[in-house]
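Chains as they are written, first to last, in my numbering: chain A, 1 to 471; chain B, 1 to 124.
Errors might be hidden in some of the hints.
Just the calculated beta-carbon pair ranges, DEER-fashion [claimed, not checked]: (1) A/Glu460 with B/Lys54: 27 to 33 Å; (2) A/Asp358 with B/Val46: 49 to 55 Å; (3) A/Glu106 with B/Lys11: 54 to 60 Å; (4) A/Lys34 with B/Ala65: 45 to 51 Å.
Here are the simulated SDA-like pairs of lysine to any residue, each with C-alpha atoms no more than 25 Å apart in a straight line [stated by the list, open to error]: (5) A/Lys194 with B/Thr123; (6) A/Lys384 with B/Ile35; (7) A/Lys452 with A/Phe59; (8) B/Lys63 with A/Leu446; (9) A/Lys180 with B/Glu111; (10) A/Lys180 with B/Asn113; (11) A/Lys180 with B/His30; (12) B/Lys11 with A/Arg184; (13) A/Lys378 with B/Lys54; (14) B/Lys11 with A/Asn178; (15) B/Lys54 with A/Asp28; (16) B/Lys63 with A/Pro381; (17) A/Lys180 with B/Asp67; (18) A/Lys378 with B/Glu111; (19) B/Lys121 with A/Asp159; (20) A/Lys180 with B/Thr123; (21) A/Lys193 with B/Asp67; (22) B/Lys63 with A/Val457; (23) A/Lys180 with A/Gly229; (24) B/Lys54 with A/Leu446.
If you only want the chain B side, here are some residues facing chain A, beta carbon under 8 Å, derived [claimed, not checked]: (25) Asp37; (26) Val39; (27) Leu43; (28) Lys63; (29) Ser64.
These aren't lab readings, by the way, just hints derived from the structure by calculation.
Every residue, glycine too, gets a C-beta built ideally from N, C-alpha and C.
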Amino acid sequence: MEKLIIEKSNGARAVVFNGAKTPETFLDKKYLRKNSPKLPELSELDIVRHFTNLSRLNFCLDTHFYPLGSCTMKYNPKSYDVLCSLENFTSIHPLTPADYTQGTLEIIYNFEKLLKEITGLNAWTLQPAAGAHGEFTGALIARAYHAKDKNRTEIIVPDTAHGTNPATAAMCGFKVVNIKSNARGRVDLEELKKVLGPKTAMVMLTLPNTAGLFEYDILEISKLVHAAGALLYMDGANLNALIGLVKPADMGVDIMHINLHKTFAAPHGGGGPGAGGVGVREELKDLLPLGRVSFDGKKYSLEIKNKKSIGQVKSFWGNVAIIIRAYAYLRQFDGKTLGEIAKNAVLNANYIRVKLKDYFPAFFDEVCMHECVFTTPKDMPSLKALYVAKRLLDLGFHAPTIYFPLIVPQALMVEPTETESKQTLDAFTRAMKQIFEEAKKDISILEHAPHKTEIGVIDEVLAAREPNLKW
Amino acid sequence: MYNQEKCKFSKTHEWAFVEGDTAVCGISDHAQHEISDIVFVELPKVGAKVEAGKSCAVIESVKSAADFYAPLSGEVIQVNENLNGNPALINQAPHGDGWIFKIKISNAKEEENLLSFDAYKATL
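Let the sequences and hints guide you as you build the complete structure.
Here it is as structure tokens:
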């Protein structure tokens with residue numbers, strides 16, 4: 001394994017300043033350190049090798065198929081990186097007067113218009129820095145909307161929602177009411193009716209849900225929610241299955257967030273930066289965070305005064321580089337092509353679902369959306385989802401999401417995304433078939449996988465019970 | 001040991017061993033197996049009021065964090081402190097040293113809502 005750079009430190013120097021002297025400092029001597037800081041000291045060659053070797057250990061989308069369910073690890077074109085790195089974008093400071101930042105403001109303004117067209121929701125904020133941050137913003141809007149009705153203290157969340165939904169609701173001070181899904185992995189209308197009422201502030205629906213399924217009863221659901229005086233929130237992290245095909249506003253959605261870093265091909269992973277824009281219908285427009293871009297026909301400006309607004313949820317304008325990438329992505333396609341993209345995401349997931357039918361059954365045996373949740377065969381109880389995931393690493397594939405959603409035992413959540421070729425999908429299903437056959441023959445190959453990675457099986461239990469961190 | 005055949009079970013896999021007006025509570029052998037290696041247990045505080053069917057503790061494994069729903073309502077009178085240092089006790093003996101807490105029952109009638117061991121087994 002590659003040692004840490006501090007462990008490799010050998011006192012060599014990458015750069016020598018010939019004849020340079022340390023300049024006098026204005027700091028009082030009592031504040032100066034007595035000993036030199038312990039920094040790693042290596043020659044430039046050793047530093048280059050260290051980081052190059054580390055980068056070669058990276059298991060990423062640019063090197064491998066990455067079917068991590070729920071995460072939409074699709075390919076992000078490199079040209080967008082070039083666009084958002086243009087000096088006109090990177091050299092402006094967020095406090096630069098609007099007169100000098102018209103281009104960037106125009107992009108944000110136009111992007112909002114495109115989102116309006118895609119979702120049918122009238123007004124947007126692009127400030128939130130992630131999907132969950134968007135949910136947080138949405139829940140605050142719901143709280144502001146119900147400000148006069150103190151009894152609306154509950155948010156209903158189905159068990160097929162993203163785990164962040166109940167967490168967000170709780171964080172915003174709401175009581176979380178969970179409802180169980182029906183046998184088809186959809187919202188159980190009877191269960192929903194039981195808990196909907198004058199206490200309900202909002203229902204948070206992940207659509208398509210985490211089982212990769214579309215809620216066929218969505219129109220009935222939104223009718224029930226609105227009849228109860230509550231708002232319908234859509235977690236739109238999975239919008240890539242619907243984009244160009246159906247507008248959330250037409251399904252009765254009042255508030256939604258989208259993950260620009262998922263649906264609109266901006267890079268993500270490793271903690272961000274992300275962008276979780278929030279859209280609302282007209283009636284809720286004034287509650288959106290401050291800092292929206294407006295246009296008077298001549299000039300773009302930032303709205304900084306609005307008494308009804310919930311306030312700002314992030315400093316300045318949000319993660320602008322992500323917004324620029326997402327805007328570039330959207331400008332490349334017309335509505336019809338966006339629909340084709342969604343259909344391809346759905347087709348790819350279903351292709352894998354059908355191909356794996358005799359080895360790993362889909363837990364809900366029906367057409368799925370952009371992702372499919374598999375389980376291990378019932379007659380092979382010793383085959384765990386964890387083993388399959390680890391063995392896939394040996395075979396050159398990133399592991400799918402496992403043990404999520406919680407309603408599926410031994411869940412293997414596979415999301416191929418629309419950017420993968422048939423050849424890649426075939427290679428993946430061949431690997432899954434191989435794992436199935438290995439499990440039949442000798443499960444120990446799987447129990448001790450991965451065999452070929454830099455680090456083999458780790459004792460997760462020991463690591464969690466007796467954590468021993470070092471750096 | 002809290003003989004599982006003498007315990008009452010909830011559909012959400014908790015058990016209650018009732019003795020007079022108190023009950024010891026834990027999770028079933030099936031549940032510990034499903035959750036797999038438990039690495040942390042968040043216990044309720046002694047004196048806390050728990051409500052049947054409501055979450056009152058959290059059981060964490062390397063796989064996930066699961067809510068523990070009180071099988072009966074009452075006041076917590078004792079918690080199994082040993083779980084703080086050794087949460088694996090639940091995996092080793094879910095009906096023995098892996099008990100989670102003991103309550104003073106506030107509504108004895110609720111016991112009727114729980115399942116016998118055989119009835120619980122039939123739900124698995």
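These are the hints, each one checked on the structure:
| no. | hint | in the structure |
| --- | --- | --- |
| 1 | A/Glu460 with B/Lys54: 27 to 33 Å | 30 Å, holds |
| 2 | A/Asp358 with B/Val46: 49 to 55 Å | 54 Å, holds |
| 3 | A/Glu106 with B/Lys11: 54 to 60 Å | 57 Å, holds |
| 4 | A/Lys34 with B/Ala65: 45 to 51 Å | 47 Å, holds |
| 5 | A/Lys194 with B/Thr123 | 24 Å, holds |
| 6 | A/Lys384 with B/Ile35 | 13 Å, holds |
| 7 | A/Lys452 with A/Phe59 | 13 Å, holds |
| 8 | B/Lys63 with A/Leu446 | 18 Å, holds |
| 9 | A/Lys180 with B/Glu111 | 23 Å, holds |
| 10 | A/Lys180 with B/Asn113 | 19 Å, holds |
| 11 | A/Lys180 with B/His30 | 20 Å, holds |
| 12 | B/Lys11 with A/Arg184 | 20 Å, holds |
| 13 | A/Lys378 with B/Lys54 | 31 Å, violated |
| 14 | B/Lys11 with A/Asn178 | 16 Å, holds |
| 15 | B/Lys54 with A/Asp28 | 60 Å, violated |
| 16 | B/Lys63 with A/Pro381 | 17 Å, holds |
| 17 | A/Lys180 with B/Asp67 | 14 Å, holds |
| 18 | A/Lys378 with B/Glu111 | 34 Å, violated |
| 19 | B/Lys121 with A/Asp159 | 24 Å, holds |
| 20 | A/Lys180 with B/Thr123 | 17 Å, holds |
| 21 | A/Lys193 with B/Asp67 | 24 Å, holds |
| 22 | B/Lys63 with A/Val457 | 15 Å, holds |
| 23 | A/Lys180 with A/Gly229 | 22 Å, holds |
| 24 | B/Lys54 with A/Leu446 | 39 Å, violated |
| 25 | Asp37 | 4 Å, holds |
| 26 | Val39 | 4 Å, holds |
| 27 | Leu43 | 16 Å, violated |
| 28 | Lys63 | 5 Å, holds |
| 29 | Ser64 | 6 Å, holds |
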